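Read off the chains here:
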Amino acid sequence: MLNGEETDASFAPYKTLLEVLREDLGHTGTKHGCELGECGACAVLLDGKPVLSCLVLALECGGKQVLTVEGLGEDGHLHPLQDAFADLGAAQCGYCTPAILVTAKALLDQNPHPTRDQIREAISGNLCRCTGYLQIFEAVEAAMLKIADQKTSAT
Amino acid sequence: MPNEEDPRVTRVGSPRANEDDLRVIGVPRRRVDARAKVTGQTRFADDIFLPRMAFCKLLRSPHPHARIRRIDTSRAVAHPGVYLVLTGKDVPIQYGILPVSQDEQALCVDHVRHVGDPVAAVIAREELTAFEALDLIDVDYEILTTISDPKEALATPEPRIHEYGEQGNIHKLVALEFGNVEEGFAEADEIFEDTFFFQGNTHLPIEQHASVAIKDQDGKLTIWSSTQTPHYLHRALAKVLEMPAAHIRVIATPNGGGFGGKSDPFNHEIVVAKAALILDRPVKICLTREEVFYCHRGRHPILMKFKTGVKKDGAITGMHLQTLIDGGAYGSYGVASTFYAGALQTTTYHVPRYRYQGCRTFTNKPPCGPKRGHGTPQPRFGQEVQLDKIAERLKIDPANLRLHIVESPNAVTANFFRLGTVNLSECIRRVVEASRWKDKFRKLSEGRGVGLACSAYLTGAGLPIYWNKMPHSGVQLKFDRSGGVSIFCGATEIGQGSDDVLAGIVAEVLGINPFDIRLFTGDTDLGPVDLGSYSSRVTLMAGNAALQAAERGKAIIAEGVAEKLEVPKERLSFADKRVFDSVAPEKGIPFEEAVCIAEARFGTIGTVGSYTPPKSPALYKGGGVGPSPTYSYSAAVVEVEVNPVTGWVTVPRIWIAHDIGRALNPTLARGQVEGSVYMGLGEALMEEQEFRRLPRKLSHALVHKFPSILEYKSPTSLDMPEVITELIEEPDPQGPFGAKEAGQGPLLPIMPAVANAVYDAVGVRIDEIPITPEKIMKALAEKKAGREPRFGPSHFPHINWPEALRVPPPWEGGDGNAVNDVPRRTRTVSKKEKVLTS
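Quick note, the sequences are listed as chains C and Y, same order. According to our numbering, the first sequence is numbered sequentially starting from 1. According to our numbering, the second sequence is numbered sequentially starting from 1001.
One chain only, chain Y, in its complex shape (with noise of 0.2 angstroms):
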């Protein structure tokens, strides 16, 4: 059921459906699965029972960091109702989600990392049963120094929390420079050196992770999940389960939430399928809250200094950043994190020189791995929050200071990304112009403020996460008689409409509705491989691969059709459930009709469509992280109130405008503007994953000071505030239908926009995240003692960097190689060199 254009979201430059004669795309709409979510029928994984299903639960390391000496299981193995008990010998393969980092064991072997790696499972007829079992297991343990911040993993290389890495706890180094940027501070006329921290956080998905795993028929394992990138755990189950990866079969149920927090392959989920293969009955898994916040991979803790040169009109001759990163216990996707937060800088702002100097560390803590926006926000902030210092010290209104130095449409920045559609200035100049932002900004009362950030966004990784030349998406349609169309395809849906997508693209095609479509999808055995919902891919990559399947399918039926109608095929239009003659729309059959016309004449219909993204001119070592076949654009203007006596931040509203290239599904598009907003409000004020240490008689242990939901602060309904936004569509020719990405983009300017309201509001600078009332009302008190009216990080420790590999800019004749490297073309490639760190 179409809806009548959507009054709450201004589209601006949008073409609008009738324009370009399109019915589906670009028409606020119903999502093809909504039906399925309001009546509560959507199966998650836990919503799964099966026959003589058993239940397991896992012993999870009370200590952050030991060895294990023994484990004795004899007592749980003896409990009535126990089935099974497995331990780290039972699935000792290592795995991890990047081919560089198999650092992990689906139970722990003879070392924990953090509180909450699991050391033992216990399968029973009842998950009380299991809970009670765990408490019968007895597990030796020889406490070991506990990691607990970066700055203690640099001064502190043993006790290795891993034996792989840099060297000591230092997980990974990594130092790149784009041209000399020396002389870019050389050139500048103000130079700007500032330090920021941004605190790590969680994704909070309201669904806990969830999995059944069972032995088939015909000895195969099926294996239900909640997960991201199920793709990527048929392959980590393969390894580690040691079985052809032809005999596992691993569907992604729906996922309740995923904001990057169910994209690596984990624990559990290995134990369950392992359980089910020798119990021969079907293994479930629900995770308490509690080990969700161990599962974690959020949000990194980053520590960085930006060094940035500028010109008296604002142009940046030169930036360096360097970040210290927590990475956690284990790799995840931290290495892709390290690049990542080097990466995008140079997308948003043209800066001519820039060196990156990134270093991870290990600490016993949940892993850090990849939230919205992966690794990116904490950079962002940093910049954000500089070029805010920038322009007041160079008296350029903020808004003009960022539109003068905008990075050009289609240009290759300094580290060789090559960008598309670029409208970030119109996006500045929508929320400027909205929330009157001349009108407000350094003029509203003391207390009052607004502030401006900007961001761009990849949309869809440019490289897979291991190495190979395969499209990164594929579809299957099948065209059926009675005029239904059944898509299969990898991709998987989280909430975010990737189902819709599909059915919106091949509808649009086919001139049928979406809701004559059967989806089949993040399935490894019904439909071709998607690599995963996550680094904002599935829109552009998978509708490609739909847009490409659906053409095919419509030639094929066109053909047939001409033939049948005498009409040149060329001229056949598929609107509205009919194929017709565009010149003599009368002359006409309807969808079904065709279909059996084609099927009779060239057999079943079946079509392909696949998608590899367009290679990428940064060939550099480490320039696998980054590219992207084109990025999307937001600009935000955040009012705030900051009580003086409190230091409560209120935020009334909030303006966005985001550059999507085309809203496939407006209501879904604006559903992932406002999301981001409202996350990344959360992170702004109140979401922080913090650690403390138990007394010294309790262990001395780091634990978790808030492993819940009701001490893990979250914007409520209570506190989200009027968001007005705005989508700017001008098709970008890489995306199906022009459609950029919108899922992540929009979160990342709410960060710096509250940070710099704040300071237009009480003139404080808070140069950390979350933005406190407790570290205003300190900033307040320095401001008030007539100090630096800031908080944050004062300093950046010293690191022995690696030499740069240099890359010559495009600008500087570079061809997008180190000179100080052999080139990659040339180069041999190590198998281990050939990984690829997306």
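The shape of chain C in the complex, shown without the other chains (with noise of 0.2 angstroms):
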């Protein structure tokens, strides 16, 4: 399952999830910045587990849920994630921003309310060269406080 849709694909049995999902699947949101699983940028997520899909061979994926950037937003519209992100300057080139969104999107559905500690581990791994992370940190934390809201207003 790619993004929640039952996907199939052929593809050569060496190939890693990173380069089936750009090549083969057509999905060139997730990014690469090393392909040696060192600088995060490739991060999808894995049965809601970040992983880093250079490092992940595709076949493994079989009856998997994958998560990228793609299927983030919902019915059209953005996850507070990305709204957040597009309005506070959480992405400037935007190469690593499509990595950072799934993990944080990890964090957040692990842990709705984590503290600023938190959050920077939680993208630890993945290198942004553009922002300085400062304004990542209030993104995440503001479409918290807004998922957080949509819940309540939903109960």
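Read the hints as simulated data drawn from the structure, not as lab findings. Each hint should be verified, as a subset may be incorrect.
[Said to hold, decoys possible] Below, simulated DMTMM-like cross-link-like pairs (lysine to aspartate or glutamate); rule was C-alpha separation at most 20 angstroms, straight line:
{"hint": "1", "chain 1": "C", "residue 1": "15", "chain 2": "Y", "residue 2": "1126"}
{"hint": "2", "chain 1": "C", "residue 1": "15", "chain 2": "Y", "residue 2": "1127"}
{"hint": "3", "chain 1": "C", "residue 1": "15", "chain 2": "Y", "residue 2": "1132"}
{"hint": "4", "chain 1": "Y", "residue 1": "1713", "chain 2": "C", "residue 2": "35"}
As the structure is a computational prediction, the values presented were derived from the model and not from experiment.
Could you use the hints to bring the two separately framed chains together as a complex?
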């Protein structure tokens, strides 16, 4: 399952999840900065947990849930994390952004009220060379509040 | 969706949006390209996949210095799936970013100069096939002596890495003197001589360089590339491919970070273009991370010596700076870097007499070039640390010392740079106050300390890279009957927000929403030339061009509407997507109707704007590097905690004040400042491009110690301190709505402020960047042994400097020309000399 959709693909067995996503499934939202598991730019969620898609064989993903940046929004609306990143300057060049967004989503799914230090820890494997991270922390916090608000008003 | 005022950043002297009646400019808001970025839809070069696309890989030299005796590609050519193999003879024409340094070849013909220099290219059906075929190319190398650093380069004139340059392996020598510096030293109460070293480091953009080239249906070439300078790439391609430039289209895809590292025309760009023309199919290359390290063009390692004379009150009487610069294997921007390393010392504090001697050598390492701050962070580090030493000896608070000597607004400096607004004093006062400097400096407990430093930076290079009298930036606007406006401009989005600057300015002038604008940027076919995203020039130059185009469009529309509404056109206001009588605001029409009225009256509406910087008074040879329409200023206080047992430095907090003129979009301006602080902190504490020699039995080659992101240490989210940012806003007359740069200047004070803070914390001087725990431990050991508590270089080597060009400063009646050179205005300028090196 890719972003909630049943997905079939045929590919060479040595291909990584990153390569299959980008080259075989046309999901270029997931980026790469080293293809060695060092920069974090290729993070996606595998069964809800952040993984570096350059280190995962696509073959291993059969029957699993893969979430990429393309699957973050719902019904044509941006996810609160995407809105917050857009509004608060958390995406400058935007290259590390898709991976940080899904990593932050995994954090908020698991811990709806993370502290600043927990946010720092969660994205410490995602390098960003543009922002200095601070606007990213703030965007995650803003999204956290918005998601909490939405939950309150929904109940 | 505009935000509320950003509470996390203080804006001092800010002309609040409503006071100036501005609706877009100065209001924190979502950037126009934000949605694409947060949905992963921004199309970077490697995201382009085209039918029939082939993939290219480059075979790179494993040797730092060698002659190529022979290349045999026959086995690679025969490999199944290989379409084409290229070698140097297929693309032999030399190119380079500066007209004076046309010293690169897309594939080396007979001489490799660093590990990673490309010698052949394979283009194949699959990337993996191309990669496999690289192993089937046989290259016979004759190993040459490796020159590993500038001191070796000075001592080893043969073999020459290049056949041009000053002599031997010296690429460039610069000697300039503004006033009699020896007289300045004679007037001084104290003279300080200090030697510093700044290690090289690299940009490390997360996006690896990538390019895709195609031959269009009409036989022309299109290339998409992660370049910061599409116009210069356009020129290089025309030269090397021997094609009319009119048949080449360069599209700069949004860069996944640039920082200067994508500002040169690159060998891989030329190779895929050539291959696409031959194969008549799309050809892509995406560099591996290791290859990005080989492209480099990063910060030059610089050894420098400052001799500075001061009066008892700290006033500078004279300064003499010498630099020895490790250029790496090619010229790149190096001639400009050599001048820049000596250019901006005069722009922060009043320096009445100044002598600069700079020497750039070639070495067998990846070429150095422009990284954020281009040539100026290294001497800024030395200058600001030396000022800290001066303040201590003179028993003056370092903040007060700087406040006493800050250069005046609109001054013309000793080296003839005309300054604009200068709010450095305000920057210093703000960080001193915000950090509670006076309660902390020399007062914190052992192991904790604060340090202060300042800087200045250009808001755009005053001269283009090749000599011409044309504008530096152009903008075209197209007005649609729908009220939509399209902006066409060569400006290149590298993450800094150049698209948002253009949209914000045009939206402000026309009273429309930035999201009603479409942008077509970084495309040499669609938009007029903008020179590129370098030298912090885009906001001011493309911004002024956009402002002019928008004002012209507004005038045409106002003319039409004035007739229709029978209101004098001077009384018309453009705001909230309406055009209305400012005296009777209810009398007005929607913007789209206004466009239609104007179109009916005058025909199709399109306007242009362009920007050319003011002429610089620096007329001497070399005065082309450093002039700018105006300069930004920054001051920073860094707080550190130094572990005396491990030497580990922790930075909990940084205060920075940046004199920005006006923040066009404060959300992005703050991001530029914080991003600069981040990168400066990385340079201060950990980032370094290091090399080592392989053992003799393994060729003794000079190789990268760390060509990987894992081993090239850069700060993570865990390392980032709290940053308290203040934007000082006094609109500068040169900038659009008063804006000055923010993307480079705020990096500069961080490294010296960290060094000064480490001294405050543990009493040792680390006169070398990066400031690693190892260096601190060595200096602490020196301190404990009763020796000079310092780590850093001890001497500057002897260099045979040429006679300096002597330029009397303005206050000695100088006219900007050198007295011992033919004045530029009357000199018969040879073609080579005509080349400016900004």
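Status of the hints after comparison with the structure:
no.: 1; hint: 15/C / 1126/Y; result: holds (13 angstroms)
no.: 2; hint: 15/C / 1127/Y; result: holds (12 angstroms)
no.: 3; hint: 15/C / 1132/Y; result: holds (16 angstroms)
no.: 4; hint: 1713/Y / 35/C; result: holds (17 angstroms)
The structure shown violates none of the earlier numbered hints.
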